[in-house]
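Participant: Respectively, the protein sequence lines represent chains A and B.
For the first sequence, the numbering used here assigns the number 92 to the initial residue and increments by one for each residue that follows.
For the second sequence, the numbering used here assigns the number 92 to the initial residue and increments by one for each residue that follows.
Pairs count within a copy or across copies, as identical chains cannot be separated in the list.
For lysine-lysine, the following DSBU-like pairs were computed, each having C-alpha atoms within a straight-line distance of at most 30 Å: (1) 242 <-> 129; (2) 409 <-> 390; (3) 416 <-> 129.
Rather than coming from a laboratory, the hints here were simulated on the basis of the structure.
From a predicted model like this one, the values you see are computed outputs, not experimental measurements.
2 protein chains.
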Amino acid sequence: MSSDDRSGLSCPLPISDYPHILLAHGGGGRLMHNLIEKIFIAAFGEENLESGHDGAVINPGSGRLAFTTDSYVVNPLFFPGGDIGTLAVYGTVNDLAMCGARPKYLSVGFILEEGLPTESLWRIALSMRDAADEAGVKIVTGDTKVVEKGKGHGVYINTAGIGVIDHDLNIGPESVIPGDVIILSGDIGRHGIAIMAEREGLSFETEIKSDCAQVANSVMKLIDGGIEVHCLRDLTRGGLATTMVEISRSSEARIEIKESLIQVREEVRGACEILGFDPLYVANEGRFAAFVREKDAEKALEIMRVKAADHEPCIIGKVTAAAGKMVILKSMIGSERILDMLSGEQLPRIC
Amino acid sequence: MSSDDRSGLSCPLPISDYPHILLAHGGGGRLMHNLIEKIFIAAFGEENLESGHDGAVINPGSGRLAFTTDSYVVNPLFFPGGDIGTLAVYGTVNDLAMCGARPKYLSVGFILEEGLPTESLWRIALSMRDAADEAGVKIVTGDTKVVEKGKGHGVYINTAGIGVIDHDLNIGPESVIPGDVIILSGDIGRHGIAIMAEREGLSFETEIKSDCAQVANSVMKLIDGGIEVHCLRDLTRGGLATTMVEISRSSEARIEIKESLIQVREEVRGACEILGFDPLYVANEGRFAAFVREKDAEKALEIMRVKAADHEPCIIGKVTAAAGKMVILKSMIGSERILDMLSGEQLPRIC
Numbered sequence: 092m093s094s095d096d097r098s099g100l101s102c103p104l105p106i107s108d109y110p111h112i113l114l115a116h117g118g119g120g121r122l123m124h125n126l127i128e129k130i131f132i133a134a135f136g137e138e139n140l141e142s143g144h145d146g147a148v149i150n151p152g153s154g155r156l157a158f159t160t161d162s163y164v165v166n167p168l169f170f171p172g173g174d175i176g177t178l179a180v181y182g183t184v185n186d187l188a189m190c191g192a193r194p195k196y197l198s199v200g201f202i203l204e205e206g207l208p209t210e211s212l213w214r215i216a217l218s219m220r221d222a223a224d225e226a227g228v229k230i231v232t233g234d235t236k237v238v239e240k241g242k243g244h245g246v247y248i249n250t251a252g253i254g255v256i257d258h259d260l261n262i263g264p265e266s267v268i269p270g271d272v273i274i275l276s277g278d279i280g281r282h283g284i285a286i287m288a289e290r291e292g293l294s295f296e297t298e299i300k301s302d303c304a305q306v307a308n309s310v311m312k313l314i315d316g317g318i319e320v321h322c323l324r325d326l327t328r329g330g331l332a333t334t335m336v337e338i339s340r341s342s343e344a345r346i347e348i349k350e351s352l353i354q355v356r357e358e359v360r361g362a363c364e365i366l367g368f369d370p371l372y373v374a375n376e377g378r379f380a381a382f383v384r385e386k387d388a389e390k391a392l393e394i395m396r397v398k399a400a401d402h403e404p405c406i407i408g409k410v411t412a413a414a415g416k417m418v419i420l421k422s423m424i425g426s427e428r429i430l431d432m433l434s435g436e437q438l439p440r441i442c
Numbered sequence: 092m093s094s095d096d097r098s099g100l101s102c103p104l105p106i107s108d109y110p111h112i113l114l115a116h117g118g119g120g121r122l123m124h125n126l127i128e129k130i131f132i133a134a135f136g137e138e139n140l141e142s143g144h145d146g147a148v149i150n151p152g153s154g155r156l157a158f159t160t161d162s163y164v165v166n167p168l169f170f171p172g173g174d175i176g177t178l179a180v181y182g183t184v185n186d187l188a189m190c191g192a193r194p195k196y197l198s199v200g201f202i203l204e205e206g207l208p209t210e211s212l213w214r215i216a217l218s219m220r221d222a223a224d225e226a227g228v229k230i231v232t233g234d235t236k237v238v239e240k241g242k243g244h245g246v247y248i249n250t251a252g253i254g255v256i257d258h259d260l261n262i263g264p265e266s267v268i269p270g271d272v273i274i275l276s277g278d279i280g281r282h283g284i285a286i287m288a289e290r291e292g293l294s295f296e297t298e299i300k301s302d303c304a305q306v307a308n309s310v311m312k313l314i315d316g317g318i319e320v321h322c323l324r325d326l327t328r329g330g331l332a333t334t335m336v337e338i339s340r341s342s343e344a345r346i347e348i349k350e351s352l353i354q355v356r357e358e359v360r361g362a363c364e365i366l367g368f369d370p371l372y373v374a375n376e377g378r379f380a381a382f383v384r385e386k387d388a389e390k391a392l393e394i395m396r397v398k399a400a401d402h403e404p405c406i407i408g409k410v411t412a413a414a415g416k417m418v419i420l421k422s423m424i425g426s427e428r429i430l431d432m433l434s435g436e437q438l439p440r441i442c
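Okay, chain A solo, but in the shape it has when bound:
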């Protein structure tokens, strides 16, 4: 199938014949083969998918690989700035990048709810194609299941990813040391608030779009640029605060960050006030924190700046040698507050 055929926006599975997903689309028979061919192969390209076989054969070369998985259950399926398909690709791509790996291959598992509009599935598949193209990964193998109406919620997606680690850095909490500088890749809180607003039918003066994006290119530029990266973490469930606490615990490091340096857009701040959320705990889908060696911090910041992007990376704090393994937030007026993990759930089904 040529790329021209793939770029068409009309669904190759005749919507008039099958306006909705049926249980039989997951039955392993003719209808399932038809669905795979007309939706998934049409969107992802048969040159990638090992269709008609139980798995893909890949050849990533020798050396270390990163392997990761995430399921996506976001509600609603479509939101300002993306949809569950975008999220399912970028989320797993970003997890690979956080291991310092160059994302290469994705698997995708769909759990469809009987009655899902076929057109929605097609839109999601196209989003996944576009996101995979942008991130430079191939969707090479997949699976489809269908559950009865009322046993799912439209569609749940799992992606697993394989990435190649072609450097000698050991990126993880265990490499964090006093003196490390913490760079935040942009403003926080957009994804969570965009989902919440869409779900609850809230509207603000300025539409809040999810920050959903791949961050692998930024990470690869840091590594290729010779930056001594000690730890990387994307700021998804639990937000910036929970991430910092996790790293502080795993690395037994004391982290000090300054509230005044953390960017939160005016409209996100306003929405958080109305909804009673703390932006430090709101999920992001295109933001990460990089712990880099002090001497590399300015160069890293320069590399992370993306031309014409709608967000700016910023140094927000550092790892100190002071006693007490915890995360300290210095507030705008100079007081100090110890950050803890969220105890339970702030926003369910954010990703």
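With the hints as your guide, set chain B onto chain A.
Facilitator: Using the frame of chain A, we list chain B on its own:
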């Protein structure tokens, strides 16, 4: 954690505190960390899981890899002969084996429904541990999401797997040639009927247990034994008939199989008659078909025989050079029937 600690059967997450899974167990905060530590790390072992990080770093060596994924939505979660956890490990292990790969690493993604008994999750995690141990794979990375009551069905599991291909065979439908002999690894129809009986509360004189099992060891012995394996396929959704049709279509081969050579247990045959199912289309979870070079057939059969197993491999047919790319079933009385794929759904949510 020592293996003694792991072998305990009581759930390390105090059931009295959390008898059921809460939405907050998926929120990214303290409760989720607790769940991961007390259930998943306790069952799978912290030496494997890259806990507290976004992915696992693996080093499978150079050469070709197989990569595959499956989601499991079986209803009921527990059935005679296994549960959703057993299935989630063996199913993906078997898909890797069907690529001729030695299964090495698994990822696991849980979609939990709010209200799932914590004890059930613990039992499932233990089943996964035991199945992984038996198949020689490591569960190295995972993810947990929780959806609201009524948006799932207890638990859905996705596993993705990576296996190592350390031989030069090209195993797939494209390698099938006239003369190839088809070996079936045992009797068929047990898994589908076991699920159906459990779901519908049917009872038979002899309890029908699922055939759910890993077949990777058998496959590796074939390859290590120098058998020229042309194609492998497990007989899951759609059963033996759909599998044969798929291979016939992909390989443009004419397949002839003999009904009298296909083993179906008496009780399975009886249940199929009552329920109106054709055993040729019923799903199996521990059976596969091997297409091997004619001269290797007897040796392959010998290798596939497992001591003290409750099933016997058997040659059921061959690929012929006759005209007409289709699957022919020769019946007991000598008549011929063309097999086709199932059109829709025989048994939903069988795996």
